[in-house]
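A.B. asks: Chain residues, written in single-letter form:
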Amino acid sequence: MTRALQDDAEFMMRDTTSHPPAYAPGYKTSVLRSPKNALISLQNSLSEVTAPVFGAAELGPLDNDLIMNAAKEGLPVGERIVVHGHVQDQLGRPVRNALVEVWQCNASGRYRHKKDQYIGALDPNFGGCGRMLTDENGYYAYRTIRPGPYPWRNRVNDWRPAHIHYAISGDGWVQRLITQMYFEGDPLIATCPIVRTIPSEEQVRGLIALQDVAAFVPLDSRAYRFDIVLRGRRATLFENRIQAEPGANP
Amino acid sequence: MTSLLRETASQTAGPYVHIGLAPQAAGFDIFEHNFGSVLATRDTRGERIRVEGIVYDGSGTPLRDVLIECWQANAEGKYNHPADRQPGKSVDPSFRGWGRTCSDFETGLYTFDTIKPGSVIGRTGRPMAPHLNLWIVARGINIGLNTRMYFSDEAEVNAKDPVLNLVEWEVRRKTLIAQRQDRDGRIVYRFDIRLQGEDETVFFDV
Numbered sequence: 001m002t003r004a005l006q007d008d009a010e011f012m013m014r015d016t017t018s019h020p021p022a023y024a025p026g027y028k029t030s031v032l033r034s035p036k037n038a039l040i041s042l043q044n045s046l047s048e049v050t051a052p053v054f055g056a057a058e059l060g061p062l063d064n065d066l067i068m069n070a071a072k073e074g075l076p077v078g079e080r081i082v083v084h085g086h087v088q089d090q091l092g093r094p095v096r097n098a099l100v101e102v103w104q105c106n107a108s109g110r111y112r113h114k115k116d117q118y119i120g121a122l123d124p125n126f127g128g129c130g131r132m133l134t135d136e137n138g139y140y141a142y143r144t145i146r147p148g149p150y151p152w153r154n155r156v157n158d159w160r161p162a163h164i165h166y167a168i169s170g171d172g173w174v175q176r177l178i179t180q181m182y183f184e185g186d187p188l189i190a191t192c193p194i195v196r197t198i199p200s201e202e203q204v205r206g207l208i209a210l211q212d213v214a215a216f217v218p219l220d221s222r223a224y225r226f227d228i229v230l231r232g233r234r235a236t237l238f239e240n241r242i243q244a245e246p247g248a249n250p
Numbered sequence: 001m002t003s004l005l006r007e008t009a010s011q012t013a014g015p016y017v018h019i020g021l022a023p024q025a026a027g028f029d030i031f032e033h034n035f036g037s038v039l040a041t042r043d044t045r046g047e048r049i050r051v052e053g054i055v056y057d058g059s060g061t062p063l064r065d066v067l068i069e070c071w072q073a074n075a076e077g078k079y080n081h082p083a084d085r086q087p088g089k090s091v092d093p094s095f096r097g098w099g100r101t102c103s104d105f106e107t108g109l110y111t112f113d114t115i116k117p118g119s120v121i122g123r124t125g126r127p128m129a130p131h132l133n134l135w136i137v138a139r140g141i142n143i144g145l146n147t148r149m150y151f152s153d154e155a156e157v158n159a160k161d162p163v164l165n166l167v168e169w170e171v172r173r174k175t176l177i178a179q180r181q182d183r184d185g186r187i188v189y190r191f192d193i194r195l196q197g198e199d200e201t202v203f204f205d206v
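First to last, the sequence lines map onto chains A and B. Take 1 as the starting number for the first sequence in the numbering used here and just add one per residue. Take 1 as the starting number for the second sequence in the numbering used here and just add one per residue.
Restraint-style ranges between C-beta atoms, simulated for each label pair: (1) B/G197 <-> A/P199: 19 to 27 Å; (2) A/R155 <-> B/G197: 22 to 30 Å; (3) A/D65 <-> B/P127: 44 to 52 Å; (4) B/S90 <-> A/V217: 44 to 52 Å; (5) A/A215 <-> B/G88: 46 to 54 Å; (6) B/P93 <-> A/A215: 34 to 42 Å; (7) A/G74 <-> B/G197: 49 to 57 Å; (8) B/F105 <-> A/A215: 33 to 41 Å; (9) B/G88 <-> A/R155: 55 to 63 Å; (10) A/G55 <-> B/D104: 27 to 35 Å; (11) A/Y23 <-> B/Q179: 24 to 32 Å; (12) B/S152 <-> A/R155: 42 to 50 Å; (13) B/L109 <-> A/A141: 34 to 42 Å; (14) A/P21 <-> B/N34: 29 to 37 Å.
Straight-line C-alpha distance at most 20 Å; calculated DMTMM-like pairs for lysine to aspartate or glutamate: (15) B/K174 <-> B/E200; (16) A/K115 <-> B/E106; (17) B/K174 <-> B/D205; (18) A/K36 <-> B/D199; (19) A/K114 <-> B/E106; (20) A/K72 <-> B/D29; (21) A/K115 <-> B/D104; (22) A/K36 <-> B/E168; (23) A/K36 <-> B/E170; (24) A/K36 <-> B/D192; (25) A/K114 <-> B/D29; (26) A/K28 <-> A/D116; (27) B/K89 <-> A/D7; (28) A/K114 <-> B/D104; (29) A/K36 <-> B/E198; (30) A/K36 <-> B/E200.
A few chain B residues that face chain A, going by a derived Cβ cut-off under 7 Å, partial list only: (31) T8; (32) G20; (33) A26; (34) H33; (35) S59; (36) R123.
Since the hints were made in silico from the structure, they are not lab data. Ideal Cβ positions, reconstructed from N, Cα and C, are used throughout, including at glycine.
Build out the structure end to end from the sequences listed, making use of the hints.
C.D. replies: Given below as structure tokens:
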């Protein structure tokens, strides 16, 4: 049995071993972009337990359909896939109405971005971004074209495994998370310097979407399953200190 | 005992974060409704301000590919979120209090157009000085960086702010305070962020 949690309950402390350190020299760009001082740890206040609320009316009907949302004179090139999963917190509770934003390169490994100069061809019918809100069960789904791997400037022959970027906004500002989803069976995962910033193999496995045969769309698309875990809330066992009266015990 | 799942691991936003979070900045128009750097609408109550600055790396070079999100209370010091139950304060329906901005690809300058927030109650009833909560992501940043921006013209309340006072090194607190400027009647707060090196900005584990 689980205890009901208040909507202003504090979040559990972040387990920093679940994440890459700021300084990870194998990923060269992190060297000059990593703070050297220790982070100052804050107990939650209203600033941390609240977060923006998004509404379905802000999204368009094709925002979660990357196959169609930039198609002009035909369909995009590449392998059609569905990606779906649940957003839950560390206690396994669904995170409802979470904003899930995704972006990726096309099947050639090229981003529709004015700064991407890779020789891989742009696809006139593919944009590479989408967004959606999770439902009552914390569930989300979108369809897209499977992205290609691509080379990048780190060492001269480093390649990114095929991946889709995710940004997730949950119920509290401290749940904000940005990450990347990889695909089961991709041999580039083992050597990618960005994947390898993560110190834990278990945590790397958590970023690898598994092929989900049960969700295949017959004669149309394969499917991948990717579940996301955001920070959980602590039960407020004694008293509420978040918006307590002045003079309450610290 | 409750068994806990592990939080999904963070990964860098990468150099093309704009395509997902600010596609117009990436050079194409795809969504009907875009999230942007203008938080205040015509009807929003409060003092109109611009927040601007540059994010620098450890060599002093501007980041030209950074994305920053802002979360703030309204002019009365209330967050537009159901968990904020501070008595006597109301939500401003024309102000969500959230936005995102990209630094300029040439200069590295970022801007937010918003209103100055009011003071929000802190833990155990100690008021917090007005502040913006900022979240910074970019290529080379493996996990989003959290910081707060306070206001230079609020010296008295800043001195009592429970979060600023947690920063043991008084000399570092100034990295969290934006400087107010009046540019021909337009109020601008300058807030540069230094990821590393001399005057490294204070970042929080929230």
